[in-house]
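This is what each chain is made of:
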Amino acid sequence: MSSFADLWVYLATEPLLWLTVTLAAYAVAHRISVASGNHPLVNPVLLSVLFLVGVLSLSETPFEVYFEGAQFIHFMLGPATVALAIPLVRNAASVRRKLPAIVAALAAGSATAVLSTVFIADVLGAPRSVTVSLASKSATMPIAMSVSEPLGGIVTLTAVLVIATGILGAIVVTPLMNALGIKDYAARGFAAGLASHGIGTARAFAVSPTAGLFAGIALGLNGLVTVFLVPPLVRFLLG
Amino acid sequence: MINGLAALLVGQLLGEILVRALGLPIPGPVLGLVLLAAYLSLVGFGRDDVEATANGILRHLALLFVPASTGIVQHLGILSDHAIAIGFALVTSTILTLIVTVLVFRLVERLFGDPEEEAPE
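Line by line, the protein sequences give chains A and B. Using the working numbering, you'd call the opening residue of the first sequence number 35 and step up by one each time. Using the working numbering, you'd call the opening residue of the second sequence number 1182 and step up by one each time.
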């Protein structure tokens, strides 16, 4: 083979390059995260994303080209969601025992997530489209986007806010729970999954299997509640 | 691993089909989760390696959010118009939601007589 330019032309048109770079970036980020003793600030999603955004802008690679490769990883989100069934069934007894706590925390948490954002954004003078986009920020991405759009939210903004909420929640949950003196990993995980969906759930699985299990339950249930809670609440609060 | 992955994909596929056929407002994989959970509790795990596959995927759940998050970070400019309102609402609400959820969870657990806090595994 000849020059670097030829090589680049080949690499830039094949999914292989960006699939490999994404996996490698995560592998390094994961190793750094483990080496830091799972320090909350050393979030593997955040580290990988910062690195990839840097590489994409330096190499002037459009996101569409990057995603040609990265889509194979993105696709696994579907099967991974289904996979949450396994810890659920394995721990059915413990989940059933905590059912009252799950139902109460779900109701209180979902309501807080929606009401507090809508209230704060509205008071601070955000336009309706922005406030609506914020309303479903704690739900998993496909649900948040499908809820936000018909209410007059901005789909791209909703997606940005969902990811920001996920990373923020994953970073603050550990120090916050330690400060509150909560040692119950089911409760900690449930809060992480409810407030910050899949990214919070990923953090919970990194901390403890129990936390991961309850985060997954909260992620699913809050998604469901968001579908039914956000439209009437937004119409009631914002007219 | 092949059986496990196939089981997860079948769950997702059935979920997607049912969601579309019935016009349900939830993502296909979430219904797939419910279907697989129902199947596993009724029929059992058998000799399938679905558990090993699932745990392998869930151990690196964070990886799967990297592509979408990378795309979204490029839209951060959209935040700048109302950065203060958005930032304040996002941070306050996320922290408040975490606190309310965990405290209500603990309160009800204590009310229902489950005082032992589980040790981290």
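Treat the hints with care, as some may be off.
With a cut-off of at most 20 Å between alpha-carbon atoms, the simulated SDA-like pairs for lysine to any residue come out as follows [as the list claims (entries may be wrong)]:
hint	chain 1	residue 1	chain 2	residue 2
1	A	Lys217	A	Arg131
2	A	Lys217	B	Ile1280
3	A	Lys217	A	Pro134
4	A	Lys217	B	Glu1232
5	A	Lys217	B	Val1289
6	A	Lys217	B	Val1272
7	A	Lys217	B	Leu1284
8	A	Lys217	A	Leu133
9	A	Lys217	A	His73
10	A	Lys217	B	Leu1277
11	A	Lys217	A	Pro243
12	A	Lys217	A	Pro74
13	A	Lys217	A	Gly88
14	A	Lys217	B	Glu1197
15	A	Lys217	A	Val123
16	A	Lys217	B	Val1254
17	A	Lys217	A	Val129
18	A	Lys217	B	Ile1276
19	A	Lys217	A	Thr190
20	A	Lys217	A	Leu158
21	A	Lys217	A	Val43
22	A	Lys217	B	Ala1266
Here are some of the chain A residues that sit facing chain B, going by a computed Cβ distance under 10 Å [what the hints assert, rightly or not]:
hint	residue
23	Leu45
24	Ala46
25	Thr47
26	Leu51
27	Arg65
28	Leu80
29	Leu92
30	Asp218
31	Arg269
32	Gly273
If you are wondering where the hints come from, they were derived from the structure by calculation, not from laboratory data. Cβ atoms here follow ideal geometry from the backbone N, Cα and C, with glycine treated the same way.
Hint consistency between Lys217 of chain A and Val1272 of chain B [alpha-carbon to alpha-carbon, up to 20 Å]: 23 Å, violated
Minimum beta-carbon distance criterion (10 Å), Arg65 of chain A to chain B: 12 Å, violated
Lys217 of chain A paired with Arg131 of chain A [C-alpha distance capped at 20 Å]: Since the Cα atoms of Lys217 of chain A and Arg131 of chain A sit roughly 18 Å apart, the hinted pair holds (cutoff 20 Å).
Leu51 of chain A as chain B interface residue, shortest Cβ-Cβ below 10 Å: 14 Å, violated
Restraint outcome when Leu92 of chain A is required to lie within 10 Å of chain B by C-beta distance: Violated, about 14 Å.
Pair hint outcome, Lys217 of chain A versus Leu158 of chain A [Cα-Cα no greater than 20 Å]: 35 Å, violated
Pair hint Lys217 of chain A and Val1289 of chain B, alpha-carbon separation not exceeding 20 Å: 15 Å, holds
Pairwise hint evaluation, Ile1276 of chain B against Lys217 of chain A, where the allowed Cα distance is 20 Å at most: 18 Å, holds
Leu45 of chain A as chain B interface residue, shortest Cβ-Cβ below 10 Å: Status violated, d = 18 Å.
Restraint check for Lys217 of chain A with Ala1266 of chain B, where alpha carbons must lie at most 20 Å apart: 33 Å, violated
Given pair status - Val129 of chain A, Lys217 of chain A, alpha carbons within 20 Å: Holds, because 17 Å separates the two Cα atoms, which is no more than 20 Å.
Distance restraint between Lys217 of chain A and Pro134 of chain A, which requires alpha-carbon spacing of 20 Å or less: At roughly 19 Å apart (the allowed maximum being 20 Å), Pro134 of chain A and Lys217 of chain A satisfy the hint.
Going down the numbered hints, you'll see the structure goes against 4, 6, 13, 14, 15, 16, 19, 20, 21, 22, 23, 24, 25, 26, 27, 29, 31 and 32, while the others check out.
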